[in-house]
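Engineer: Sequence:
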Amino acid sequence: MEFAKILLSSLVSYLALFLCAKLVGRKQIAQLNFLDYIAGITIGSIAAELATDLENMWKPLIALAVYALLTWIMSLIGIHFGRSRKFLDGTPSIIMENGRLFRANMRKAKLDLSEFMAMCREQGYFNLADIHTAIFEYNGKLTILPVAQKRPVTPEDMKLLPTQETLLAEVIMDGRVLDENLHRMGVDAAWLTRKLRAQGVDNPKEVFLGLCDAQKELTLYKMSEPQKPS
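Going by the numbering used here, the first residue of the sequence shown is number 45, and it counts up by one from there.
Warning: the hint list may mix true and false statements.
[To be verified] With a cut-off of at most 30 Å between alpha-carbon atoms, the simulated BS3-like pairs for lysine-lysine come out as follows: (1) Lys249 - Lys239; (2) Lys266 - Lys249; (3) Lys154 - Lys185.
Just so you know, the hints here were simulated from the structure itself, not pulled from any lab data.
Small disclaimer: the values here were computed from a predicted structure and weren't measured.
Construct the complete structure from the given sequences, taking the supplied hints into account.
Structural biologist: What follows is the structure, encoded as structure tokens:
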């Protein structure tokens, strides 16, 4: 009987946590603001308590719903009321500009010099002279604008006009032809058969992955040969 209670409470906890995640929305850890981060930890703790509470599941379940709802409401407020975003998320701080470091902004951002240097090195800037502007964003990331002489060369700098790249469509995955993607790329099964034969493939089942680009060129990755026993 007790095993059934544990199973039921765990299932209810998992379902509640899934619904909360769908309600709050998907964000990467680096995209969470401080409030979202704290709410996420709290929701996880309540869900864990819900999974082990065999006597009364309603209290943690209600608390879970309240936290998820409040997090969702605060997110809507930040989206629809621009002025509130400054209060809820904070504002970016300029840490460095034109060769000057701003100690006051670093203190405001709770960022010390060693952390700033480490964040610069993580982005490949080992010499601060290569940096024109460094901004500490509200999500804890450092955005760097290099000096003009150190930024990567672009095709525009070289007077080139490259063709715009587009996303590739998977038309074969693990030996299975994806008819929907074929139709989306404006080709059909007959086209695929011709392309396969041109590359010496008689059956799509021989292909692990097949990619089609905007120019209707087919790139194939064949099934790996089984390893020979040693």
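Engineer: Run every hint past the structure and note whether it holds.
Structural biologist: Against the structure, the hints:
Note on lysine 249 and lysine 239: the hinted pairing holds, with a Cα-Cα distance of about 14 Å set against a maximum of 30 Å. Restraint check for lysine 266 and lysine 249: the C-alpha separation of about 9 Å stays at or below 30 Å, so the hint holds. Using a Cα cut-off of 30 Å, the hinted pair lysine 154 and lysine 185 holds, with the two alpha carbons roughly 13 Å apart.
In summary, this structure violates none of the numbered hints.
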